[in-house]
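2 protein chains.
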Amino acid sequence: MNYLKMSKNELEAEKKALVNVYEDYKSKGLSLNMARGKPSPEQLDLSQPLLDSLKSTDSYYSDDGTDCRNYGGFNGILECRHFFGDILGVSHENVFVGGNSSLNLMFDTISCFMTASLYEDTLPWHDVKDRKFLCPVPGYDRHFGVTGYFGFEMIPIPMNSDGPDMDMVEKLVSEDESIKGIWCVPKYSNPTGITYSDEVVKRFAALKPAAKDFRIMWDNAYAIHDVTDTPDELLNIMDECKKNGNEDLPILFCSTSKITFSGAGVAALAASNHNMDILMKRLKYATIGYDKLNMLRHIRFFKNYEGILNHMQKHKALLAPKFKVVIEKLNSELKDAEIAEWTDPNGGYFVSVNVLNGTAKRVVELCKEAGVVLTDAGATYPYGNDPDDSNIRIAPSFPSVDELSQAMDIFCVCAKLAALEKLI
Amino acid sequence: MNYLKMSKNELEAEKKALVNVYEDYKSKGLSLNMARGKPSPEQLDLSQPLLDSLKSTDSYYSDDGTDCRNYGGFNGILECRHFFGDILGVSHENVFVGGNSSLNLMFDTISCFMTASLYEDTLPWHDVKDRKFLCPVPGYDRHFGVTGYFGFEMIPIPMNSDGPDMDMVEKLVSEDESIKGIWCVPKYSNPTGITYSDEVVKRFAALKPAAKDFRIMWDNAYAIHDVTDTPDELLNIMDECKKNGNEDLPILFCSTSKITFSGAGVAALAASNHNMDILMKRLKYATIGYDKLNMLRHIRFFKNYEGILNHMQKHKALLAPKFKVVIEKLNSELKDAEIAEWTDPNGGYFVSVNVLNGTAKRVVELCKEAGVVLTDAGATYPYGNDPDDSNIRIAPSFPSVDELSQAMDIFCVCAKLAALEKLI
Chain A
645 MNYLKMSKNE LEAEKKALVN VYEDYKSKGL SLNMARGKPS PEQLDLSQPL
695 LDSLKSTDSY YSDDGTDCRN YGGFNGILEC RHFFGDILGV SHENVFVGGN
745 SSLNLMFDTI SCFMTASLYE DTLPWHDVKD RKFLCPVPGY DRHFGVTGYF
795 GFEMIPIPMN SDGPDMDMVE KLVSEDESIK GIWCVPKYSN PTGITYSDEV
845 VKRFAALKPA AKDFRIMWDN AYAIHDVTDT PDELLNIMDE CKKNGNEDLP
895 ILFCSTSKIT FSGAGVAALA ASNHNMDILM KRLKYATIGY DKLNMLRHIR
945 FFKNYEGILN HMQKHKALLA PKFKVVIEKL NSELKDAEIA EWTDPNGGYF
995 VSVNVLNGTA KRVVELCKEA GVVLTDAGAT YPYGNDPDDS NIRIAPSFPS
1045 VDELSQAMDI FCVCAKLAAL EKLI
Chain B
645 MNYLKMSKNE LEAEKKALVN VYEDYKSKGL SLNMARGKPS PEQLDLSQPL
695 LDSLKSTDSY YSDDGTDCRN YGGFNGILEC RHFFGDILGV SHENVFVGGN
745 SSLNLMFDTI SCFMTASLYE DTLPWHDVKD RKFLCPVPGY DRHFGVTGYF
795 GFEMIPIPMN SDGPDMDMVE KLVSEDESIK GIWCVPKYSN PTGITYSDEV
845 VKRFAALKPA AKDFRIMWDN AYAIHDVTDT PDELLNIMDE CKKNGNEDLP
895 ILFCSTSKIT FSGAGVAALA ASNHNMDILM KRLKYATIGY DKLNMLRHIR
945 FFKNYEGILN HMQKHKALLA PKFKVVIEKL NSELKDAEIA EWTDPNGGYF
995 VSVNVLNGTA KRVVELCKEA GVVLTDAGAT YPYGNDPDDS NIRIAPSFPS
1045 VDELSQAMDI FCVCAKLAAL EKLI
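Sequence lines, in order, name chains A and B.
So the first sequence is numbered by our numbering: it starts at 645 and just counts up by one.
So the second sequence is numbered by our numbering: it starts at 645 and just counts up by one.
These are computed hints drawn from the structure, not numbers from a lab.
Hints are supplied without guarantee of correctness; some may be wrong.
A pair counts as met if it fits within one copy or between any two copies, since identical chains are not told apart.
The calculated EDC-like cross-link candidates involving lysine to aspartate or glutamate, where the alpha carbons are at most 20 Å apart (straight line), are [stated by the list, open to error]:
| # | residue 1 | residue 2 |
| --- | --- | --- |
| 1 | K699 | D689 |
| 2 | K947 | D730 |
| 3 | K670 | E1047 |
| 4 | K925 | D785 |
| 5 | K846 | D873 |
| 6 | K928 | D785 |
| 7 | K887 | E686 |
| 8 | K925 | D980 |
| 9 | K886 | E977 |
| 10 | K660 | E737 |
| 11 | K672 | D1020 |
| 12 | K699 | D809 |
| 13 | K699 | E877 |
With the hints as extra help, turn the sequences into a complete structure.
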């Protein structure tokens, strides 16, 4: 059944059989979506009590007596800064609590450095005409969108099973002063689902960039988002950086978007005192303060770090069967054909599949025609350009298990069909 | 009792008497605050039912069926765009609904134009090294903070009783291409409380700036914030601009910060199609969408435009007596001395007082020593520099009527004392 070892006649026969299966699926007029890392309605239901955690009859005061309905409390209510400090593994004093989107905080961070110097002897990045950013691939399209918008040349860095290719990262950043940063999703990476090894984190923390204002955008989006009982552990980047006197390197981000409500959660960033000074100088003019009532709602709902970890167990219970279906289908339908490889992550929101080189776009197209929407092929690469046309990101969270099972059947047929078209 | 006509002996006697009164107040150890335009707890209480307008058992769908808990709905839920379109007097299609802060949307707007060109043949403002912004004075310190942060030279424009000095505005913008915009609070202006006359709005709409990318930052913060039964009417800037083919000139802002919760309201901006294209291109990368549950809460609470107008009547009932106390105290204590002038606005959040030239800083200092906190003297001018050292912004909303009455007594004594010190 290894396609690569089949004769032309065998391939033709296989294709003929699969076309029939495919046409059958197509005739069903399905509408299934595995495109975005969206929580399912059932996952959102888990946080439904949050909507009652701040009623008109409840106290609207934070622990320090701030009336959370009014202006004030610029960097977030204290208990919320502690809460995110626990999630990110940093002191609350280095935490700023923002609005409903960590992407927004990341965008604001890059935007800040575009017009403000990080040091007296460095330029605002807008004035660095050949500015560049490192982009581990496959990676998160919205990250690439931000640096693309701000005119960075984006340099793809291959992802290994333990994180980005650090030989390449070290070489590039030590040589080129115009490289200003790197995007990282260090735990349950988007989309491969892998977690950076201790060695990779240590090498990040020990970087000696040519650019004094080089920054690591450490998007810890899936810090506590396990989907198996063998969760990954991520080394604390800030602690490691401090050991090297490198605490200005990383800026950490997280949110409750995939914990409570994707559209109405709370986001936070954490950074060294120096980075905070630069960022807060901007934010002080950009806002009087983010939504403190929503911070309060979240704190009342979770109580503390243990509360949020317990809550994540409920997400796991809903997500685990979905990841299982994806992996089972890939194993049963694609393994023998040897035309695809995939990851089997312990957490996060994605399974990354590499189909036969040169067929990813075709697979996505075939799926679409059969009613299954996938993330665009290439989306996981800067400029949408996957040079191998191979990577496809599967997002199993939103559909039901039954829908997912059907969508994966179709995906596997399409992956095989596209491979056969290519091989014949 | 006109200080300016008193003999030295009369002044000395008056001062001696007032020092005694002042020392009396000082000994009371008061703590009163008229510094910021913060709603009072009673005003925030008016919106307390909003906290129950979206319970766990309520529908979380917007009118078009969007699950407001999840991602999506980038430019705000449709009913909320209509709602803010009604407040701003523009089509909902030109409305973007943001987070909890219109200041944040204004900051983002300026930030956008710092690195993105408004037209193919104009430069990002960061690249305009001698960039300038017009700042009607007295004005809003946080506006000046934004353009100050982004390195604009800020040019003060005197405010008249019908708006900014339009002769000066027209002359400057027609001559100097490096002038990129002007800050406006067109209705119940911060701090003078005046509303731009129809003629002023028409002249704004007919501007012919040398800079193609000149923009009017139209901060309609007090669009429906009357405090008397003879409210001001503001001409619709967008309609007027359209008559002149000038619809790209203004960008409109408002929020519910002084309608529902200052810390947890909803803000919006409105602009022409061209301006929206530039701004949305940025915002698409900056966020997946702002907090839709809070938008939904607000819509459920108000139902429609009529609902919000009714709600504003309740604010008026709380604010009107406070403005009355301020004006009464100024009339009874300072009028005859002829050492101060003030506005008597029909709405907004402030009364602007011009004390005797050269004494504003001293008045604020004397007040502080007697336990009354005022906005810093000079804060209503760019760089905190009031050349006459005369303007003081009084914010009557937060204290109770009794506190305010006491604070105003002290303010008037301090204004007179400072004048006497100056005159003697």
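For this session: Please flag the earlier hints that this structure goes against, numbers listed from lowest up.
Result: Hints 5, 7, 8, 9, 10, 11, 12, 13 contradicted; others consistent.
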